[in-house]
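Asks: Take a look at the letters that make up each chain.
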Amino acid sequence: MKHKRRSKMHILLDMLMTIERKGGTAKPTHILYGANLSHKRLKDYLDFLMEKEFIEEVDVKGRQYYRITAKGSSFIREFEKIEELSSAFGIPF
Amino acid sequence: MAIVLIPRWFFGIDSLFYIAALLIGLATAFYAYKVHSITGKRQHFYLFMGFTVLSVAFLSLALTSSYISINAMSPEFIIYNTTFDIMDFGFLMYYIISMVAYMFFIMMYLPEEKKKKPIFSILPWWFAIFPFFHMLSVLMLAFPVFRSFINWHDTKTRSGLAVFMAFAGIGMFHVLSFFTFFKATFYVIANVFLILGFLSLLAVLFRVSRR
Numbered sequence: 001m002k003h004k005r006r007s008k009m010h011i012l013l014d015m016l017m018t019i020e021r022k023g024g025t026a027k028p029t030h031i032l033y034g035a036n037l038s039h040k041r042l043k044d045y046l047d048f049l050m051e052k053e054f055i056e057e058v059d060v061k062g063r064q065y066y067r068i069t070a071k072g073s074s075f076i077r078e079f080e081k082i083e084e085l086s087s088a089f090g091i092p093f
Numbered sequence: 001m002a003i004v005l006i007p008r009w010f011f012g013i014d015s016l017f018y019i020a021a022l023l024i025g026l027a028t029a030f031y032a033y034k035v036h037s038i039t040g041k042r043q044h045f046y047l048f049m050g051f052t053v054l055s056v057a058f059l060s061l062a063l064t065s066s067y068i069s070i071n072a073m074s075p076e077f078i079i080y081n082t083t084f085d086i087m088d089f090g091f092l093m094y095y096i097i098s099m100v101a102y103m104f105f106i107m108m109y110l111p112e113e114k115k116k117k118p119i120f121s122i123l124p125w126w127f128a129i130f131p132f133f134h135m136l137s138v139l140m141l142a143f144p145v146f147r148s149f150i151n152w153h154d155t156k157t158r159s160g161l162a163v164f165m166a167f168a169g170i171g172m173f174h175v176l177s178f179f180t181f182f183k184a185t186f187y188v189i190a191n192v193f194l195i196l197g198f199l200s201l202l203a204v205l206f207r208v209s210r211r
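Heads up: the protein sequence lines correspond to chains H and S, in order.
Going by the working numbering, the letters in the first sequence line up with residues 1 to 93, in that order.
Going by the working numbering, the letters in the second sequence line up with residues 1 to 211, in that order.
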């Protein structure tokens, strides 16, 4: 069976949706399993999401968590619009 | 000096078409900007820039054609003259600005590594004179038309078809504008193709906003 490779945007969406499902704050391991990523790719994507201000790092009882921001939530809501516009113009997404 | 034949009854209607094109172009630019602010992708930025610049070009065209329509009511008004006047300036602005917009559309579809070259420097600015402008516009739009056709062919989506029809409509506007010194009907048909192209784009925006 042939599987279609997820685009970067779809991976970011999966990560953000994992965090949202966990109540808005999630541990790195939860994001890793929720979005089905390797450790190395997780680090790269977390850095990207933080750079874009979609998530922020928070410290809860000495443990590292990631919290989704308002911009990150907006990305989830707007994702279908982004996908529709991009595919209409043939912009890789 | 070029002569453009325009039916008298069409004076003013063309301005309305250009205003509609300007508004739809701005709406597309707005959506493209929103998308770019989230994705940060270069292609979305070029899409935003292309439609923003094209809207400015249509603003210039709408103002110029409105000026002609209003003044054409006066019996002393002469459209054909040999001096460079406000109308010539308005059309020249439209020619130059729209070519910049088309360049952004080309850059949007070029592979990533090609975009690093200073593509604006290859634009033959001396070509911005009627009717050569329309020839150059057709050549420049051929690439976005081709790419949007390939995209529609691959994806088979309604939005993909609508975008292809939008670029093809603008392209047909330029093809038919080239013949406006033969017969006035060409001017009307050219403008109808233009507005159909932009209405097609409006359909894409409706689909995007409904999501």
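Fair warning: there could be bad hints in the mix.
[Unchecked claim] Result set (DSSO-like, lysine-lysine): computed pairs, CA atoms no more than 27 Å apart in a straight line: (1) K71(H) with K183(S); (2) K41(S) with K43(H); (3) K61(H) with K71(H).
In short, the hints are calculated from the structure, not lab data.
Asks: None of the hints should be skipped; say for each whether it holds.
Replies: Hint check:
| no. | hint | verdict |
| --- | --- | --- |
| 1 | K71(H) with K183(S) | 54 Å, violated |
| 2 | K41(S) with K43(H) | 21 Å, holds |
| 3 | K61(H) with K71(H) | 25 Å, holds |
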